[in-house]
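Colleague: Throughout the sequence shown, residue numbering follows our numbering, covering 348 to 507 in sequence.
Derived by calculation from the structure, the hints in this document are not laboratory data. It cannot be assumed that every hint is accurate.
[Said to hold, decoys possible] Listed below are the simulated DSBU-like cross-link pairs for lysine-lysine, each with C-alpha atoms no more than 30 Å apart in a straight line:
| # | residue 1 | residue 2 |
| --- | --- | --- |
| 1 | LYS479 | LYS469 |
| 2 | LYS391 | LYS473 |
| 3 | LYS391 | LYS479 |
[Unchecked claim] Label pairs and their in silico Cβ distance ranges:
| # | residue 1 | residue 2 | range |
| --- | --- | --- | --- |
| 4 | GLN372 | GLN499 | 24 to 32 Å |
| 5 | GLU416 | ALA506 | 22 to 30 Å |
| 6 | GLU416 | ILE458 | 36 to 44 Å |
| 7 | THR443 | GLN351 | 12 to 20 Å |
| 8 | GLY419 | SER380 | 42 to 50 Å |
| 9 | SER380 | SER421 | 47 to 55 Å |
| 10 | GLU456 | GLY419 | 37 to 45 Å |
| 11 | ASN507 | SER421 | 24 to 32 Å |
| 12 | SER370 | GLN499 | 23 to 31 Å |
| 13 | THR443 | THR471 | 16 to 24 Å |
| 14 | SER380 | MET349 | 15 to 23 Å |
| 15 | GLN372 | ASN425 | 37 to 45 Å |
| 16 | MET414 | GLY364 | 19 to 27 Å |
| 17 | PRO415 | THR443 | 21 to 29 Å |
Ideal Cβ placement from N, Cα and C applies to all residues, glycine included.
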Amino acid sequence: MMTQVFEEIKQHFDLPGLTIDISQQDIDAQSVSGMNVSFDEALKQAVFSLLNDGSMDESPIWLLSEMPEEYGISGDINSEVLTQHARTLINESSATLTLFTEETSSDDEWIGVVMNGSTGNKYTIKGYWIFKLVNNPFIDLNYVVVDKSGNQPTCCWGAN
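Construct all of the structure, not just a fragment, from the sequences and the given hints.
Modeller: This is the structure in structure tokens:
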């Protein structure tokens, strides 16, 4: 069932090369009652954010706009160029989008929590859909967090 949604989203954003590796089991485990943002909607927002949002450190768009020549971008640099380039790089890589789950941590307070190093904000899987873009052409890891309540804007950043 999910595969259909994944295919539609990849088609919508023109990302045939992106692998989405998220199990129905993990989605069900993180679907909480009273949330305003479904998994499908969150996935759409996350992919949009990866391709468009350069507001936070080391997001794909931030990296492309800060270091265009390193990524082979020349000439006019506008948001359209950056988005198109991000799309191309993702399609040509083995990038995989996964869902952050209750990963074990030696420190209990970090179970199911990620922190944005540059803002210090912490996000829990209880309150947020937390996506990870791994094997990606930009940086070791990109996080995209989507607020399940829909109150906070979606944000995307990178981590080494």
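Colleague: Now tell me if each hint is right for this structure.
Modeller: Against the structure, the hints:
The suggested pairing of LYS479 with LYS469 holds, with an alpha-carbon distance near 15 Å, which does not exceed 30 Å. For the hint pairing LYS391 with LYS473, the CA-to-CA distance comes to about 19 Å; that is within 30 Å, so the pair holds. Using a Cα cut-off of 30 Å, the hinted pair LYS391 and LYS479 holds, with the two alpha carbons roughly 14 Å apart. A beta carbon spacing of about 26 Å between GLN372 and GLN499 agrees with the range 24 to 32 Å that was offered as a hint.
Checking the proposed 22 to 30 Å range against GLU416 and ALA506 shows it holds: the Cβ atoms sit about 23 Å from each other. A C-beta distance of roughly 41 Å is found between GLU416 and ILE458, which places it inside the suggested range of 36 to 44 Å. Against the hinted window of 12 to 20 Å, the Cβ-Cβ separation of THR443 and GLN351 comes to about 19 Å, which satisfies the hint. Remark: the range hint 42 to 50 Å for GLY419 to SER380 is upheld by a beta-carbon distance near 47 Å.
Checked against the given bound of 47 to 55 Å, the beta carbons of SER380 and SER421, roughly 50 Å apart, stay inside it. Checked against the hint of 37 to 45 Å, the C-beta distance between GLU456 and GLY419 comes to roughly 42 Å, which is consistent with it. Between ASN507 and SER421 the Cβ separation comes to about 26 Å, which falls inside the hinted range of 24 to 32 Å. Checked against the hint of 23 to 31 Å, the C-beta distance between SER370 and GLN499 comes to roughly 26 Å, which is consistent with it.
Between THR443 and THR471 the beta carbons are some 23 Å apart, a value that agrees with the proposed interval 16 to 24 Å. About 20 Å separates the C-beta atoms of SER380 and MET349, a value consistent with the hinted range of 15 to 23 Å. Taking 37 to 45 Å as the suggested C-beta distance range, the pair GLN372 and ASN425 conforms, at roughly 41 Å. The hinted range of 19 to 27 Å is satisfied by MET414 and GLY364, whose Cβ atoms lie roughly 22 Å apart.
At roughly 25 Å, the beta-carbon separation of PRO415 and THR443 lies within the given 21 to 29 Å, and the hint holds.
Consistency with the previously given hints is maintained throughout, with no hint failing.
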